[in-house]
Amino acid sequence: MGEYHWRSFKEVDRRTNLVASGLSFLGLKKNDNVVIFAETREEWMTTAIGCFKSCFPVVTVYATLGEEAVEFAINEVGAKTVFTSENLLPKVQKAIEDGVHVETVIYFESPDPESSQKYENENAQIISFTQLLNMGKRKLSGCSFPNRRFHRLSE
1 MGEYHWRSFK EVDRRTNLVA SGLSFLGLKK NDNVVIFAET REEWMTTAIG CFKSCFPVVT
61 VYATLGEEAV EFAINEVGAK TVFTSENLLP KVQKAIEDGV HVETVIYFES PDPESSQKYE
121 NENAQIISFT QLLNMGKRKL SGCSFPNRRF HRLSE
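Sequential numbering of the sequence shown, starting at 1, is according to the UniProt record's numbering.
Hints listed in this document are in silico derivations from the structure and should not be mistaken for laboratory results. Everything numeric in this text was worked out from a predicted model, so none of it was measured. Take the hints with a grain of salt, since some may be wrong.
Using C-beta positions, here's what the derived DEER-type ranges look like [as the list claims (entries may be wrong)]:
(1) N123 <-> E76: 16 to 24 Å
(2) D13 <-> A69: 15 to 23 Å
(3) K137 <-> E103: 31 to 39 Å
Only pairs whose alpha carbons sit at most 30 Å apart, straight line, appear in this in silico DSBU-like list of lysine-lysine [said to hold, decoys possible]:
(4) K137 <-> K30
(5) K29 <-> K53
(6) K53 <-> K137
(7) K91 <-> K29
(8) K139 <-> K29
(9) K137 <-> K80
(10) K80 <-> K29
(11) K94 <-> K30
(12) K53 <-> K10
(13) K30 <-> K139
(14) K10 <-> K94
(15) K29 <-> K10
(16) K29 <-> K137
(17) K53 <-> K139
(18) K80 <-> K94
(19) K30 <-> K10
(20) K80 <-> K30
(21) K53 <-> K30
(22) K53 <-> K91
(23) K94 <-> K29
(24) K91 <-> K80
(25) K10 <-> K91
(26) K10 <-> K137
(27) K80 <-> K53
Even glycine gets a Cβ: it sits at the ideal position worked out from N, Cα and C.
Please build the complete structure, drawing on both the sequences and the hints.
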């Protein structure tokens, strides 16, 4: 586990906006499902809030599931984008090799600098969370978040 870093509300808001705009930069549209298959960590929550801001439904997949269950979950919801941790990335890569259609995999980097490596897959784009945030910086200037209207469930 890495060292804890405090973030202000303003910094969390900025990072969630970068996630939202980075996903928009990658071509996601309103109501495109996004899978989060990772252990509980700061990036998990940042990703979820960023998705909520852009109306991307979040589908959570428990980090403890085996390869077959991960493959089933991603297939079931038809998600083209999957967030995962560097530790769990091999399970997602295996699902893609077995025929699951995923366009983009975004992995949360390990806090261990020794584990950094370049990941590739001929069937999907694999990028780091940091790369997604950088994409969000390029897109943020022109990003407008959807106008949300909240309705009562009884309506």
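Hint check results:
no.	hint	result
1	N123 <-> E76: 16 to 24 Å	19 Å, holds
2	D13 <-> A69: 15 to 23 Å	34 Å, violated
3	K137 <-> E103: 31 to 39 Å	21 Å, violated
4	K137 <-> K30	20 Å, holds
5	K29 <-> K53	12 Å, holds
6	K53 <-> K137	16 Å, holds
7	K91 <-> K29	26 Å, holds
8	K139 <-> K29	14 Å, holds
9	K137 <-> K80	22 Å, holds
10	K80 <-> K29	11 Å, holds
11	K94 <-> K30	28 Å, holds
12	K53 <-> K10	15 Å, holds
13	K30 <-> K139	16 Å, holds
14	K10 <-> K94	38 Å, violated
15	K29 <-> K10	25 Å, holds
16	K29 <-> K137	18 Å, holds
17	K53 <-> K139	15 Å, holds
18	K80 <-> K94	15 Å, holds
19	K30 <-> K10	25 Å, holds
20	K80 <-> K30	13 Å, holds
21	K53 <-> K30	10 Å, holds
22	K53 <-> K91	28 Å, holds
23	K94 <-> K29	26 Å, holds
24	K91 <-> K80	16 Å, holds
25	K10 <-> K91	34 Å, violated
26	K10 <-> K137	16 Å, holds
27	K80 <-> K53	18 Å, holds
Comparing the model with each numbered hint stated earlier shows that hints 2, 3, 14 and 25 do not hold.
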